[in-house]
Every structure is written in structure tokens, then in C-alpha cells.
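Colleague: Just so you know, the sequences run in chain order A and B.
Going by the numbering used here, the letters in the first sequence line up with residues 43 to 391, in that order.
Going by the numbering used here, the letters in the second sequence line up with residues -19 to 317, in that order.
Just so you know, these hints were derived from the structure itself, not from any lab.
Backbone N, C-alpha and C define an ideal beta-carbon position, used for all residues, glycine too.
Among the clues, some could well be false.
[Stated by the list, open to error] Each computed SDA-like pair below joins lysine to any residue, with the alpha-carbon atoms no more than 20 angstroms apart:
# : chain 1 : residue 1 : chain 2 : residue 2
1 : A       : Lys176    : B       : Arg231
2 : B       : Lys102    : A       : Phe65
3 : A       : Lys176    : B       : Ile229
4 : A       : Lys200    : B       : Arg232
5 : A       : Lys200    : B       : Lys102
6 : B       : Lys102    : B       : Arg231
7 : B       : Lys102    : A       : Leu108
8 : B       : Lys102    : A       : Glu110
[As the list claims (entries may be wrong)] Just a few of them, taken from the derived set where beta-carbon distance is under 8 angstroms, the chain A residues facing chain B:
#  : residue
9  : Val67
10 : Met106
11 : Leu108
12 : Glu136
13 : Asp137
14 : Asn141
15 : Met145
16 : Phe147
17 : Thr152
18 : Val157
19 : His171
20 : Asp178
21 : Tyr202
22 : His204
23 : Ser207
One letter stands for each residue in the lines below.
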Amino acid sequence: MSEPGVPPPEDVLLEVRGLRTEFRVLDGIVPAVDGVDFSLRRGETLGLVGESGSGKSVTSLSIMRLIERPGAIVGGEIWFEGRDLLKLSEGDMEDIRGNEITMIFQEPMTSLNPVFTVGEQIAESVRLHRHASKKDAWDRAIEMLKLVGIPSPERRVKQYPHEMSGGMRQRVVIAMALACDPKLIIADEPTTALDVTIQAQILELMKRIQAESGAAMLLITHDLAVVAETVQRIAVMYAGKIVESGAVEETLLHPQHPYTEGLLTSIPSRVARGQRLNVIKGTVPNPFRLPKGCKFEPRCPYSFEPCKDNDPPLESIGNDRKVRCWLHGLPEHALPVTVAAGTTPGGAS
Amino acid sequence: MLKYIVRRLILLIPILFGLSIFIIVLVHALPGDPCSSILGEHTSPDRLAACRHGLGLDKPLYQQYFDYMAGVFRGDLGTSATNRVSVVTSFLTRFPATIELSLAAMVVAIGVGVPLGIAAAKRQGSVFDNFATVASLIGISIPIFFLGLLLAYVFGVWLHWLPTLGRVNLRIYDFSHAGTNFLLWESLVINHNIPEFIDVVSHLILPAIALGTIPLAVVARITRSAVLEVLNEDYVRTARAKGLTSGRIDRRHVLRNAMLPIATVIGLQTGLLLGGAVLTETIFSWGGVGSWLFQAAVDKDFVVIQSGTLILATIFVLVNLTVDISYAYLNPRIRYS
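If we strip away everything but chain A, and leave its shape as in the complex, we get:
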């Protein structure tokens, strides 16, 4: 990662540095995103994984600068195409939204406007950003519906959202996000609200379209299975921070952070029949009373002295992998006996 204020190298499309987004509510300040760093190369797919409330969605909305009161972005840099988005005017940002960066939202039932036809809604951004004529924008809408696999698009384009099924609507949302050939697609839990069979279809569609269009994709999900099938790299978030990142296969096979390990061992299919499912004990910390040291310390089976008082940094551990854990940050002799003996996540290999 480059120095503050210096744009990242040309091949990096998006670089988020030290992003902090807070919500000021009556009871105090919630640091929903608390110093998040990651980057995304052109055409790359990155999965941002974490539980509800870990700050994934707030991160994505921050990139779009769609945080509304009482929330506010209070620090960091978001470099996109050589520009820091946080320094742009609202007008410049409007040119980027829906054009160079687009979003696919979780709820296909509610993220389409009920009083306009799907065609009007797809054509709207084409007319706005491409300055296309009404006719051209409408043709583009039909073309996009065809692209996302909606049968008889000429008829469907004139329909209203309520005349379509959930899976169909999500295809429309995807068509809307792709209509202006974006460089980055942010998909926030795009399959969570859908039936399992439809989920698979939509994921397949997104993979195909991402590959065809060459757009980079930031996929936000709590579902590790979705991530494993879809993305190249993964970043795991916990309590507003990224705790581990790396290539998807590497990370899922050999997790280096106790939280990632906990997530993986709590997936039913990974555990042999008749065996108890692992549960990460405790709950996500209260955002008003975050632990002083490592945010995962109260729930961590490996916690030892340094974890209680000091928040570990996100350290590179080679092979393009990073982890935020004292188990990897301290010299061997400072580690507790059990850990040194080889019971760390991933077997301390």
C-alpha cells in the first residue's frame, strides 16, 4: 500500500486506505468501519466476508459515498482510477455512481421502484450517463435484459417490478448495474434474499458477466460458500476491521486468524456427520464498548496476554496474505506455550 496522498499504481483499480465511517447516535459513536484497508486490481474479484454488523455494507456504501446521517466518513482515502473519491465534489461523485462504479443490492423486492417499468429504470442511468436518446436507452435496456437471461425481453422491459419473481427482479437489478459498462461492480449480498436454486443461477450469471465485461467486482456476503465459488481474493471483516485477507483458496484452506477458522468450522457440510458443529462462543462486541485490545479477544480460544490491551496491526505474512493477530505478530518466544506447541489456526504450519 502506498503512502497517504499518493495514488496507487496503475493496475490497482480501487484502493481503500484507513477508511473510518462512524455513526453518531444518541448513545454515542458507533465506529462501524474502523480503519479498513484493501485494494482491488482491474478485473479482479474480491469477497468481503463477515457477520451482520461487521461493517461490510457500510464499507461498500462508503465507497459509493452513500452514507447518510447520522453516519459520516471520518477518515481515510478511497482511490479509484487515480482519484481520491473522498475529495471529489458531490457532482463528480454523481458522474461516477451508476456509471463507473455500480451497485447490486440485497433486496430485489424493494430495491426497484414500484411505479416505473423495469425498462424505464434501466434506461434511466443510460440516458443520464451516456446521454443516450430515449430510443437508444430503451434498446439498451432490452439488450441488457437479454444479457442477464430474461426470456422475451421486448415484453418484459415494459413490465413493472411487481409483475416479476424475485430471481427475475435480481436479474433486472444486475442488468441495471451493468448497463453503463462499469469498471467496478459492488454486489452487497446479491443472493441472500433468494431461494437456493435461484441463488446458484444468479451467482453463475454474475460470474459469467464479470468475466465477459472485465469489470472488477467487490462481493459482500456472509456466506463463505458463495465466496468460495465466486471470487479470487477474500477479506474477512470483524467489528469494523479487516482481520485477514488473501487468495480465496489459500485463506479458506489454511485460515490464519482465529475468527476465520471459527467461521469455517461452523459450516455444517465441513463437519463429519454426528459431530457437533463448532460455535464461536460469545457474540459480536457491543459497538459502544469495544474491547480495548484485539476486538476478537473475548471470543478467541487462543487469547493470551498481549491480546487484552493491544490491538494487533494488519501484518503481511507473505504470499499476498495479511492477518491481524498477535499470534503472527510476536516473536516465537513471546507466544504462550500452547500456541508455540502448534495449535494455532492453520496448524502454525
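Model the placement of chain B on the given structure of chain A, informed by the hints.
Modeller: Same frame as chain A, now just chain B:
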């Protein structure tokens, strides 16, 4: 759609039947009758009996009701007992005045109420929002007769800015070429007489404000809550994510959805106003149906009260039907079948 409208119109028949029975019972429960009003207190019992016989008031109530309804079905809504003018004629001369006043009041209510409600919703919790909330509460609570008299006193008597009585100044407005009694329309479109038009408008301002205040407050409150609700919808976030400007989002995506409850309230309020504004019309000597029905009630003019109410009820239902039909345009989820 046509089927829906026809069904709604057929539904009007039982409504009007029920209403006619309700009114005739209510009217006859009033102490006194037209004859005692016409002949006064110091008349002989014979003359009173003759008058009652002449109007058919000596028959049993059900007989009177059937006679009246038989007339209605023949298209005869009856004649006033006090001035022998047919109800339809009186209504047609007075209703244009009420329409002009009601529409002017709704222009005030919508023109101020909708922007006020939107502005308050966009700044939820701000000083402006609180001010608007308190102001609309006052607007709903203030008695019309008080507001009307206050307006008349301040702007008419004290400041001499605006006239406070009647629809026109007869020295300016020439009634010799009058026809429809829609004075705004006549002066501007038919006669192209700008001084007359200005005179009509200046007479309209104070009553319209007095009459429009309650609808204004109601519209502002509904607009605020409807817009607030829509602003929290996911599709508004989608619209922002598309890069639309906030003005365009408000006009296209927010207002269009918020229009549903607002249209309902506007329709109901317009229907109410068309029913005649007794207090406003009385204070500003406005010759509309409100003051007409009020006078009929004072005179115990049974036929006028009955027929007038039936006509207004029909109009009220038709206005509401219009609102319901507009839903189909505003909300594609309700396309009547």
C-alpha cells in the same frame, strides 16, 4: 377499468338511498317546518294547516318520502318552499361560486402544503421541521370563523389591501354579459377583461386562504410522513447509487411514490370543500352552496336540504371515484380489473 367505474357508479345508488332516508328522518326531527318559517309565529292555525296541506306536510312521513323519491326518479328535485325556485336552478347558480372558492383553497393548500411537507421531511428533526409541525398543528386547530374574521380585519379593514365581501366589486364587474357564474373563467377567457379578472382574484384571496388553511395543514402533514417513508425505501438508495441528482430523485422517485397518500387526502379535502364552506361563505358573503344550505336549514326548507344534500353527496362520491381512478395511474400495482 371501465367495468370498475361502472361498478362504483352502481354502488352509488344504495349510498344515495340510505342517505335520503337518513336525511328525511333527520330533517323532520327538527322542530318546526317550512310553513312556520314562512308564515311566522303569529299566524292562524287554519292558514298553517292550509300551507302544510299545500306542501304535503300533513301526510305520514313514509308517504312524503315516497312522493319525494318519486320526484327524484323523474328528475325533479323539487322546489324551495320559501322562494319557489327550483332546487336545481338555485344549485346551478351557486355551485360555480363554491367550485371557484374550493379550487382556489386547494391551490393554496397544495401549493403551500406539498412543498412545506417535502421540505420538512428532507430536514427531519431540524428547527424548520419542528416549526412546520407546530404551524400545521395550529392550522388544523384554528377555528375558521376566527381565522376568517382575523384575515378580514387585518387585510381588509386595517390594511385595506383586499376586499372582504362578496365575489366582485359591482362597479368593476359587469354582470350584464354574465352567463356561467364561473367568474374567473368568464372574465379572463371569455371577456378578456383583465381589470375584472384582477377584481375577481382579489375577492378570492382571503376566503381561499381562510378555507384552505385546514386542508393545507392536513396536506403538509401527510406529505411529510409520506415523503419520510419513501425516503427510507431501498429504491431511493438504488436511485442514488445510479448517480441521479438529489433533485431528480425527489421529483421522480420520491414524490411519485409519496403521491398516493397525498392524492387521497387532496381528493377527500376537495370533496369536503365542494360540499360548501358554511362558515367561510357566511363570513365573506360568498354566494355558494354552503350559505345556501345554511339558509335552507334556518328556514326549515325541507326539500332544499334533502335535494341539496343528495347532490353534494353524489359530487363527493364522484370526486372520490376520480381519486381512485387516479391511483391506477399513480400506482401500477393497482390496475383495476
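Colleague: Among the hints numbered above, which are violated by the structure, and what are their numbers in rising order?
Modeller: 5, 9, 20 and 23
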